[in-house]
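S.K.: Keeping their order, the protein sequence lines are chains L and E. Heads up: the first sequence at position 744 corresponds to 744 in our numbering, and the numbers run straight through without jumps. To convert, take the position in the second sequence, counting from 1, and add 788; that gives our numbering.
Where hints are given, some of them may not hold.
List of simulated lysine-lysine pairs, BS3-like, C-alpha gap at most 25 Å [stated by the list, open to error]:
hint : chain 1 : residue 1 : chain 2 : residue 2
1    : L       : Lys281    : L       : Lys507
2    : L       : Lys406    : L       : Lys281
3    : E       : Lys795    : L       : Lys723
4    : E       : Lys795    : L       : Lys242
5    : L       : Lys604    : L       : Lys660
6    : E       : Lys938    : L       : Lys242
7    : L       : Lys322    : L       : Lys784
8    : L       : Lys406    : L       : Lys242
9    : E       : Lys903    : E       : Lys856
10   : E       : Lys934    : L       : Lys660
11   : E       : Lys856    : L       : Lys723
12   : L       : Lys303    : L       : Lys260
13   : L       : Lys300    : L       : Lys277
14   : L       : Lys703    : L       : Lys507
15   : E       : Lys934    : E       : Lys903
In case anyone wonders, no lab produced these hints; they're calculated from the structure. Because the structure is a prediction, the values reported are computed rather than measured.
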Amino acid sequence: MTSGIPKHIEEILIANRRSFLKSAGMLAIGFGVDAGALLTRAAAQVGSQVNSGGPYIDPDFHQLDSWIVIHQNNTATFYVGKTDCGQGTGTGFRQLMSDEMDIAYDQTTCIMGSTDNTVDQGGSGGSTAMERDAWPMRRVAAEARRVLLEMGSVRLGVPVDQLVVSNAVITMKNDPAKRASYGELIGDGKFNVTLTGNNVNAVTGAAKTKSVLEYKYTGQSPPRYDIPAKVDGSLKWAVDVKLPGMVHARNVKPPYAGAKLTAIEEASVRNIPGFIKVVSKGNYIAVVCEREEQAIAAQKQLKTSWERPATAPFPPSEDLFKYMRAATPTSSQRPSVTGNPDEAFSSAAKVIEADYDIPFQGHTAISGAHAVADPSNGQMTIYSNDMKSYGMRNGVAQFLGMPRDKVRVVWMEGPQGYGRTAADDAGCEAAYIAKEIGRPVRMQWMRNEETAWDTKGPAFTVKVRGGLDSAGNLVAYDYHARSCDYNHVGYNEPDTVLIAQLMGIRKDRPSAGSSATANDMYAIPHRRMSGDVVSLPLIWETPLRTGNLRDPNGPQSTFAAESFIDELAAAAKADPFEFRMKLLQGATADDSGFKRARSIAALKAVAEVFGWDARPSPKPAGKGNILTGRGVAYSFRGQSVIAQMAEVEVNRQTGHVWAKRLACAYDCGLVVNPQNLRRAAECAMLHGLSRALHEEVQFDNEKVTSVDWITHPTLRHADVPEKIDVVLVNGDPNPNRPDLPPYGGGEAALKPMLATIANAIYDATGVRIRRAPFRAPRVLAALKAAKV
Amino acid sequence: MSKITLKVNGSMHMVDVEPATPLLYILRNDIGLQGPRFGCGLGQCGACTVIINGNAIRSCIMPVSSVKGEVTTLEGISTNGKLHPLQRAWIDEQVPQCGFCQNGQIMTAKAMLDKVPNPTDTQIRETMNATLCRCMTYYRVQTAIKRAAKTIAETKPAARKGVAA
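If we strip away everything but chain E, and leave its shape as in the complex, we get (with noise of 0.2 Å):
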C-alpha cells in the first residue's frame, strides 16, 4: 500500500491504496464518485472515461500511481450548478436509453469539443468508435455532440465580449 494524492474536480485527496490499482476503483470507491463505471475493465468500451489533461483517459486500465495531472470526471464538467452544453443537448435530445454507458460518450465527446470544436461527421464518428452503448443510443449521441458544439460555438463570442467590456 502507498500513500497517494490525487487532484479530482478540484478538490485534493489522499488514498493509501496499492498503487496499481486502476483508477476506477480509487474514483468510485474511495472518493465516491460515481459517473465513472465498471463496464469491461479491459479499456474497451469506454464507460469508465475520466479526463486528464485534456485528453479522454479509460480509467479502468490506469494505475493510479501512473496518474499525472488532474482527473475531471463527469460530475465535474458542470461549472457553478450550469451544466457542461453537452449534458444539457443530451437532455434536449433525450439521448439515453438505460444511461449506464453515458458518461463515456459525454466524456469522450467533451474531449474532442476542447480540442475541436466544430468536429465533422466523420470526425465524430471516428472519435467515438471505441465508446460503445449496448442500447444504441449512437445515432442521438452524434446529434447531441453537433447540437452541443453549435451551442458551445454561438456562446463563445458572447463570452469574449464580456471579457473585453
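Same shape as in the complex, but just chain L (with noise of 0.2 Å):
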C-alpha cells in the first residue's frame, strides 16, 4: 500500500481515454486491444502522453461511455464530473453507483474531475453533491444495468425478466448455473446508449431508478478510498506536480490596495542565481525562477515602486462596523413580508432590538493557492485542486484567448476548498505565465498573500426587533441585514480573477452580492426579513474581495437571528430550546420538504443526546473562575435541517472560552455514508467554532494586517471539545419512503455554530456578546463592562 498510486487514480490515466470517448456513439471498438498498459499518475504527469493529445473534446453527457466503463475483470470505472473536498462524496458516488449498477462496491472506482475525461457536473459548490448531482450518477448506473440485463438476455437466450443479477453477474433464475457477468458482456467495450435529458443535471435512461429500501452499499460507510494514501505519503497531489523544463513562479503582490505600480528595477534580482524573468502587465508582477527557493528569494528581493491612491481604499477593521452602518447602500433587497409588522409592533408588550457584527472572515487555506500550467504544443494543460476545475478550464481560455478545446484542467487533491478560494487566482496566473515564457509553470501564493489576499466571507452588521406580547409570545419580528458584499468575485472569471483586476481588467458591471437573511421555520404572525448590500471605497484591486466561503451569509445571518431569538427568550423569561419549539410547533402546515417537522425532530434528538437542561437563561450567577452555561441553536441551508447544542466554560479573569462539549442533531434526508457524515459535520461544528472563537480579517486603511497564523488566528487543538456528538436524524414523516432523497451535508452544520456559543456564553455569565469573533480580551472586556 504504502508504495501503490492508489487504483482510481491509475485508471483516470488509461492511455486512450480521449479517443475511446471522442467515438462514443460510433461503432463498438474493442478498448481492451489496444489500452496500453496503466499509467500510473506520477508517470503520466511527467510524461509527454498525457499532454500530446488535444483537442480536449467536452465528455459527452449524453453518452453512456462518458459515465462507466466496465472493465474485463468485471470492474467498473465511474466518471464523474465532480470534485471531492476531503468530505468523501467520491466514496458516496460509488456506493450510489454499485447499487444501482448491482455490482460489488469493492469491483468499482471513481474518477473525478478532469475536464476531458468526465462531463462536466460544475465541479464542487453549495453542498449539493448527494442532493443534486448524485442523481444522473444513480440514472446512468441504472441505466447501465438494464442495457447489460438486455445484453444478458441476448447471450443466454431468455427473457430478461428470467434474470437476476447479483455483483455483476447475471444468472437465469431457472438455472443459476447459466452466468455471464457484466465483464464477459462488455468489457472495455461500449455502450453505444445515447441518454436523454436537456441538462446534465437532467440526464437520464429508460431504466428507473431503485427505491431507496432496495440499496445495500448506500447506507452503510465503507471507509473513504482516498484515504490511506493520504496517510502514507504516496498520493500524489496538485502541489506535487513536477514537469520536465517546470520552472518557479511567485507574484510580488502591490504593497497597498489600488497601488499603481510606477517601476521595476529588474536588476535587483537579476543576481540571485536560477532568475529568468519578471513578467509584469499593469500592476501585476511575478518572478520566475529555475528552482523554488530562487523564486522566492526573488520575490522578497525585487525592488518596486508603487504610488498610493488619491483617498483610502477602506476603512481600518476598528472603524468597519460603523463605516457600514452609516454607508449608502449599493443595493436593497426587497423586503419580504408577513402579516403586518408595523402595527405589531405598536401593540406589543415589549420590544427588544439590537445589532449584531460579523467581521470578513478568510478561507486561509492551510497552503498557499497553487497551480501547475504546461503550455506544451500550444495547448494549456492545469494541474489545479481548484473544486470548480471546468469554469477554470473556461476562464483560463478566455482570460488568455485561447479556443476552449485547447485548455484542460486535471483536477488533483489539494488544502480544503470550501468556496471560492484563492486557487481560482493562481490558476490564470500559472497559465499566463506559461504561455508568455513557454515553459511548464508552477505558481504558489506565500502564506501572507493567501491570508491577506485570498476572498473573503463578507462581513455583515444585523439589526433585529422583536415584539412580545404580554403572555411572552413573539408576535413581531423585524431583521435587517447589511452585509460588505459589493462586487463579489464569481468563480474563475476571467474578469475578477486577481491577476486581471491588476491587469485593469474590468467587468462592465460589477456583481451587486448578497445580503442573505437567516433561515428558520419559526411561526411568527408578523414578521419583515430585508437586506441591503454596502460596498467598500475601492472595490477592485483591494484584498478586500468577497467571495463564497463555506454556506457564504448563513454563519453570519444565523449568528444574529438565532442570538436574538435567545434574546427573546430571556426577555420573555422562557427556556431558550422550549421558546423554538413553541415557535416551530405554533404552525401547522409544512413545505414541500417537511421542514417544519424536521426542525422539530433535529431539536428533540439534539436535546436528548446533549441532556439539555431545560430553565430560562441565564444561568444564577456561578462562583468562581470557571463560569458554565449551555446554549442552544438551529438553523436549515436548503432541505438540511440543523440544531446544535454547546456547553462552555468561561474563564472569568481571561476571557477565555472554551466549548467544552457539542452536540447536533442533523438531516440530510437520505444518508448515503453515515460515518463521511459524521466527520463532515464534526469538522464543520469546529469550522464553526473556529470563527466562533478566533477567525477576523484586520486591516488599516490601505492593506490587510492579517498575514499569518498569529494575525489570523484559527483553532488549535487545545480549543478542542471533550466530546462531540453527531446524532443522524431522519424528520421525514414517512421516514422510510421509497423516495427519501439525499440533502447536502458539506456545510450546515457550521452555520449555527457562532450563536450556539454565544448563547451558551450568555447563559454562563448573563452577557450577550453581539460581535465575534468572541476572542478573550473581547469578552474579557465585556464581563468587566457587565461586573461579572
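Take each chain as given, in its own frame, and dock them per the hints.
M.R.: Structure follows, in C-alpha cells:
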C-alpha cells in the first residue's frame, strides 16, 4: 500500500480514454485491445503522453460511455464531473452507483473532475454533491444495468424477466449455472447508448432508479478510498506535480490596495542564481526562477515602486461596522413581509432590539494557492485543486484568448476548498506566465499572500427587533442585514480573477453581492426580513474582495437571528429550547421538504443526546473563576436541517471561552455514508467554532494586516471539546419512503455554531456578546463592563 | 551553491544547493518526497514536519546546511510496507478531510509517542497545539493518537517476548 499509487488514480490515465470518448456513440471498438499499460499518475504527469493529445473535447454527457466503463475483469470505473474537497463524496458516488448497477462496491473506482475525462457537472459547490449531482449518476448506473441485462438476455437466450443480477453477474432464475458477468458481456467495450435530458442534471436513460429500500451499500460506511494514500505519503497532490523544464513563479503583490506600479528594477534580482524573468503587465508582477527557493528569494528581493491611491481604499477594521452602518447601500433586497409588522410592534407588550456584527473572515487555506500550467504543443494543461475545474478551464481559455478545446484542467487534491478560494487566481496566473515564457510553470502563493489576498466571507452587521405580547409570545419580528459584499467575485471569471484586476481588466457591472437573510421555520405572525449590500470605497485591486466561503452568508445571518431568538426567550423568561419549539409548533402546515417537522425532530434529538437542562437563561450567577453555561441554536440550509447545543466554560479572569461539549442533530434526508457525514459534521462544527472564537481579518486603511496564523488565528488542538456528539436524524413524516432524497451535508453543520456559542456564553455569564469573534480580550471587556 | 549530503529515510543523498535553502524544498524538489508540505514557510502550522534525532522539526525554516542527523519523513515511518500504528489509526478513525495537513499531525504525534508512549489528554493537546488543520479534524486526530498509543502498548510486550524467545 505504501508504495502504490491508488488504483482510482491509475485508471484516470488510461492512455486512450480520450479516443474512447471521442468515438463514443459510434461503432463499438474493443477497448481492451489497444488500451496499453495503465500509466501511473506520477508517470503521466512527467511524461509527454498526457499532453500530446488534444483538442480537448468535452465528454458528452448524453453518452453512457462517458460515465461508466466496465472492464474485462468485471470491475467498473465511474467517471463523474465532481471534485471531492475532503468530505468523501467520491466514496458516496461509488456507493450509490454500485447499488444502482448491482455491482460490488469493491469492484468499482471513481474518477473525478478532470475536464477532458469526465462530464461537466460543475465541480463542487453548495453542498450539492449528493442532493443534486448524484441523481444523474444514479440514473446512468441504472441505465447501464438495464442495458447489461438486455445483453445478458441475448447471450443467455431468455427474456430479461427470467434473469437476476448480483455482484455484476447475471444468472438465469431457473438455472443459476447459466450466467454471464458484466465483464464478459461488455468488458472494455462500449455501450453506445444515447441518454436523454436537456442538461447534465436531467440526464437519464430508459431505466428507473431503485427504491432506496433496495440499496445495499448506500447507508453503509465503507471507508473513504482516498484516505490510505493521504496518510502514507503516496498521493500525488496538485502541489506535487513536476514536469520536465518546469520553472517556479511567485507573485509580487502591491504593498497597498489600489497601488499603481511606477517602476520595477529588474537589476535588483538578476544576481539571483536561476533567475529567468520578471513577468509584468499593469500592476501585476511575478518573478520566475529555475528553482523554488530562488523564486521565493526573488519575490522578497525585487525592488518596485508604487503610488498610493488618492483616497483610502477602506476604513481600518476597527471602524468597519460604523462605516457599514453609515454607508449608502449599493442595492437593497425587496423585504419579505408576513402580516403587518409595524402594527404588531405598536401593540406589542415588550419590544427589544439588538445589533450583531461579524467581520470579514478568510478561507485561509492551510497552504498557499497553487497550480502548475503546461503550455506544451500550443495547448494549456492546468493541474489544480480548484473545486470548480470546469470553470477554471473556461476562465483560463477566455483570459488567455485560447480556444476552449486547447485548454484543460486536471483536478488533483489540495488543501481545503470551501468555496471560491485563491486556487482560481493561481490557476490563471500559472497559465498566463506559462504562455508568456513557453515553459511549464508552478505558481504558489506564500502565507502572507494567501491570508491577506484570498477572498473573504462578507462582513455583516444585522439589526433585529422583536415584539412580545403580554404572555411572552413572539408576535412581531424585523430582521435587517447589511453585508459588505459589493463586487463579490464569482468563480474563475476572466474579468475578476486577481491577475485580471491587477492588469486593469474590469467587469462592466460589478456583482451586486448579497445579504441573504436567516433561515428558520418559526411561525411568527408578523415578520419583515430585509437586507442591504454596502460597498467599501475601493472595489478593484483590493485584498478585501469577497467570495463564497462555506455557506456564504449563513454563519453571519444565523449568528444574528439565533442569538436574537435567545434574547427574546430571555426577555420572555422562557427556556430557550422550549421557546424555539413553541415557535416551530405554532404552525401546522409544512413545506414540501417537511422542514418544519424535521426542525422539530432535530431539536428534540439534540436535546436528548445533549441532556438539555431546561430553564430560562442566564443561569444564576456562578462562583469561582470558571462559569459554565449551555446554548442552543438551529437553522437549515437548503433542505438540510441542523440543531446544535454547546456547553461552554468562560474564564472570568481571562475571558477565555472553551466549548467543552458540542452536540448536533443533523437531518440530511437519505444518508449515503453515515460515517462520512458524521466526520463532515464534526469538522464543520469545529470550523464554526473557529469562526466563533478566533477568526477575523484585520486591516489598516490601506492594507490587510492579517497575514499569518498569529494575525489571523484559527482553532487549535487545545480548543477542541472533550466530546462531540453527532446524531443523524430522519425527521421525514414517512422516514422509510422509497423515494427519500439525500440533501447536502457539507456546510449546514457550520451555520448555527456562532450563535450556539454566544448563547452558551450568555447562559454562563449573563453577558450577551454581539460581535464575533469571541476572543478572550473582547469577552473579558464585556464581562468587566457588566461587572461579572 | 554547496554540496550537502543528507541521510533521508535510510538513504544517502547529495545535493548541490544554496546552504540556506530550507530543508523542505530539498526534500520535495530534489529528493522527490511529498509527505512534508509547504503550509506557511514560517514554522507556524506544522504541515512541513519531519523527524530529526527524535524531534519534530519544521523543515520549512530549517536551513539544509544545519541538518545534523537522519531525516525521517512520512514516507519513512512505515516498515517493510507495514503502516505505522499511527497511520493505521488514521485510517481506522477516518481522520482526514482534505488531508493536506495530516503529515504534520502524524509526524508530530509520532515524535510525541516515541518519547511519551502513553500521553494524557492534556499532553496531547499541548504537544499538538501548534499543528494546525483548517478542516478542523482535531477531534479525530486526538482520538486516533490515543488509539495508536494503545496499539503500540499492546504490541510491545509481544515484541519483547519474541526477542527473548
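S.K.: Each of the hints needs a verdict: does it hold here or not?
M.R.: The hints, checked one at a time:
1. Lys281(L) x Lys507(L): Distance of about 18 Å is within 25 Å: holds.
2. Lys406(L) x Lys281(L): holds, 24 Å
3. Lys795(E) x Lys723(L): Outside the cut-off at roughly 42 Å; violated.
4. Lys795(E) x Lys242(L): Judged against 25 Å, a Cα distance of about 23 Å means the pair holds.
5. Lys604(L) x Lys660(L): Satisfied, since the Cα-Cα distance of roughly 21 Å is no more than 25 Å.
6. Lys938(E) x Lys242(L): violated, 39 Å
7. Lys322(L) x Lys784(L): holds, 23 Å
8. Lys406(L) x Lys242(L): holds, 21 Å
9. Lys903(E) x Lys856(E): holds, 19 Å
10. Lys934(E) x Lys660(L): holds, 19 Å
11. Lys856(E) x Lys723(L): violated, 41 Å
12. Lys303(L) x Lys260(L): Judged against 25 Å, a Cα distance of about 14 Å means the pair holds.
13. Lys300(L) x Lys277(L): Between Lys300(L) and Lys277(L) the Cα gap is close to 15 Å, so the pair holds against 25 Å.
14. Lys703(L) x Lys507(L): holds, 23 Å
15. Lys934(E) x Lys903(E): holds, 14 Å
In terms of the numbered hints stated before, the structure departs from hints 3, 6 and 11, listed from lowest to highest.
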